[in-house]
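From first to last, the protein sequence lines are chains A and B.
The working numbering numbers the first residue of the first sequence as 490 and each following residue consecutively.
The working numbering numbers the first residue of the second sequence as 72 and each following residue consecutively.
Hints listed in this document are in silico derivations from the structure and should not be mistaken for laboratory results.
Among the hints, a few may not be true.
Pairs of lysine to any residue residues, derived as SDA-like cross-links and limited to a Cα-Cα distance of at most 20 angstroms, are as follows [claimed, not checked]: (1) B/Lys86 with B/Val99; (2) B/Lys86 with A/Pro524; (3) A/Lys510 with B/Arg125; (4) A/Lys510 with B/Gly128; (5) A/Lys510 with B/Val99; (6) A/Lys510 with B/Arg117; (7) A/Lys510 with A/Leu500; (8) A/Lys510 with B/Asp129; (9) B/Lys86 with A/Gly518; (10) B/Lys86 with B/Arg271; (11) A/Lys510 with B/Gly118; (12) A/Lys510 with B/Glu116; (13) A/Lys510 with B/Lys86.
Treat the numbers as computed from the prediction; the structure is a model and nothing was measured.
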Amino acid sequence: MILNLVRNEALYGYAIVRELKERGGLVAGEGTVYPVLRRLEADGLVSSAWSDEGPAGPRKYYRITAEGRAFRERALTEWETVAGAMDELGGKGDR
Amino acid sequence: MTQAEHADITRYLAKVRRGLRGLPPGDVDDTIEEIRTHLYEEVGERGDAAAVLRDFGDPVEVASEIVERRVRPDEGRCVPQASLGRRYSAWATDVVIGLGPMLLVPTALTFSTLAGGLHGADAAMPVWIQMSEHVAHGWLTALGYEGLPAPAAVSTWQWALAAVLVGWAVFYWMALRRSHSASVGMWMTGLRGIRVNDDRVVVRERDIAQSPAPLGAGRGRWWILVAAIPTGCLCILLLIYYVWMCVEPFLPPRILG
Numbered sequence: 490m491i492l493n494l495v496r497n498e499a500l501y502g503y504a505i506v507r508e509l510k511e512r513g514g515l516v517a518g519e520g521t522v523y524p525v526l527r528r529l530e531a532d533g534l535v536s537s538a539w540s541d542e543g544p545a546g547p548r549k550y551y552r553i554t555a556e557g558r559a560f561r562e563r564a565l566t567e568w569e570t571v572a573g574a575m576d577e578l579g580g581k582g583d584r
Numbered sequence: 072m073t074q075a076e077h078a079d080i081t082r083y084l085a086k087v088r089r090g091l092r093g094l095p096p097g098d099v100d101d102t103i104e105e106i107r108t109h110l111y112e113e114v115g116e117r118g119d120a121a122a123v124l125r126d127f128g129d130p131v132e133v134a135s136e137i138v139e140r141r142v143r144p145d146e147g148r149c150v151p152q153a154s155l156g157r158r159y160s161a162w163a164t165d166v167v168i169g170l171g172p173m174l175l176v177p178t179a180l181t182f183s184t185l186a187g188g189l190h191g192a193d194a195a196m197p198v199w200i201q202m203s204e205h206v207a208h209g210w211l212t213a214l215g216y217e218g219l220p221a222p223a224a225v226s227t228w229q230w231a232l233a234a235v236l237v238g239w240a241v242f243y244w245m246a247l248r249r250s251h252s253a254s255v256g257m258w259m260t261g262l263r264g265i266r267v268n269d270d271r272v273v274v275r276e277r278d279i280a281q282s283p284a285p286l287g288a289g290r291g292r293w294w295i296l297v298a299a300i301p302t303g304c305l306c307i308l309l310l311i312y313y314v315w316m317c318v319e320p321f322l323p324p325r326i327l328g
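All chains should be modelled from the sequences, with the hints used to inform the complete structure.
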């Protein structure tokens with residue numbers, strides 16, 4: 490979900506948290522987003538850069554990398570396969 | 072924002088920082104700065120620091136999750152602990168650095184005086200044995216033994232040397248090594264102490280995900296072990312020898328000649 494958010498534009502941590510909240514994608518505390526961001530960055534799926542434009546201090550902006558895009562595509566394909574299989578099973582169950 | 076709210080956020084960040092010990096220092100600074108910006112921005116919008124901190128989550132849990140996610144395996148698998156051999160090597164290296172000077176320096180001085188006759192026969196005896204003979208002499212005299220041979224005098228420079236060596240050992244074990252997530256031994260053997268769910272776990276440095284990976288993180292430091300293992304064995308042998316030689320003067324037949 491985070492990769493989805495940063496695929497078109499660079500976003501900073503708090504903006505990502507806000508977006509996730511609005512879309513109902515934040516099921517635990519806000520602090521849980523940062524461990525995921527750090528891991529995505531360490532795995533090279535997102536890149537980051539500091540910017541001084543924030544009102545409360547420097548913001549760290551995240552942007553998806555080529556590796557991140559490829560990973561996202563793979564994850565979406567897998568998800569569609571699983572979702573398709575579930576639909577089929579559901580359909581058979583209905584009949 | 073009030074002064075009290077500012078203090079609350081500072082305390083919160085300090086707790087997160089404590090929990091992140093063991094991760095690369097630059098990384099920790101980055102994470103703390105990012106969380107600080109988030110908290111201040113959100114407090115600026117919502118105006119209630121207590122609610123913001125509550126929604127952000129327990130600082131210990133936040134730090135623990137950051138650490139856990141940085142250690143390489145995917146979700147669901149255990150954090151890979153460093154092998155027992157590697158952890159023992161780190162400890163042995165610390166023993167060599169912390170206690171090695173206490174054991175090796177007096178021995179080296181003894182050998183040099185014996186070889187060169189630099190300070191006479193009395194100085195050839197390691198300082199710990201000379202000191203224990205003094206203590207033993209006082210102890211046995213107090214117990215009523217008479218006619219004990221007087222032990223050789225301990226010179227001022229030997230007292231000073233003993234103080235420096237003991238001082239180094241205490242300083243290393245109590246200050247330098249304690250409360251640090253990476254002692255010199257751990258650093259030399261490529262290990263890091265991290266905290267996951269209130270447990271201290273020792274992991275290999277290269278198992279902590281970093282991008283870009285630091286220079287030399289995956290490189291084995293076998294040459295350290297080549298030096299540390301024989302030196303460590305020598306230290307253990309010297310320790311046994313010195314302990315025996317320091318106990319021996321307390322046995323009356325030895326002191327009575």
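Consistency of the hints with the structure:
1. B/Lys86 with B/Val99: Holds, at roughly 12 angstroms.
2. B/Lys86 with A/Pro524: Holds, at about 16 angstroms.
3. A/Lys510 with B/Arg125: Holds, at about 15 angstroms.
4. A/Lys510 with B/Gly128: holds (15 angstroms)
5. A/Lys510 with B/Val99: Not OK: A/Lys510 and B/Val99 at ~26 angstroms, beyond 20 angstroms, violated.
6. A/Lys510 with B/Arg117: holds (15 angstroms)
7. A/Lys510 with A/Leu500: Distance of about 14 angstroms is within 20 angstroms: holds.
8. A/Lys510 with B/Asp129: holds (19 angstroms)
9. B/Lys86 with A/Gly518: holds (16 angstroms)
10. B/Lys86 with B/Arg271: holds (16 angstroms)
11. A/Lys510 with B/Gly118: Cα-Cα ~18 angstroms, so holds.
12. A/Lys510 with B/Glu116: Within the cut-off at roughly 15 angstroms; holds.
13. A/Lys510 with B/Lys86: violated (25 angstroms)
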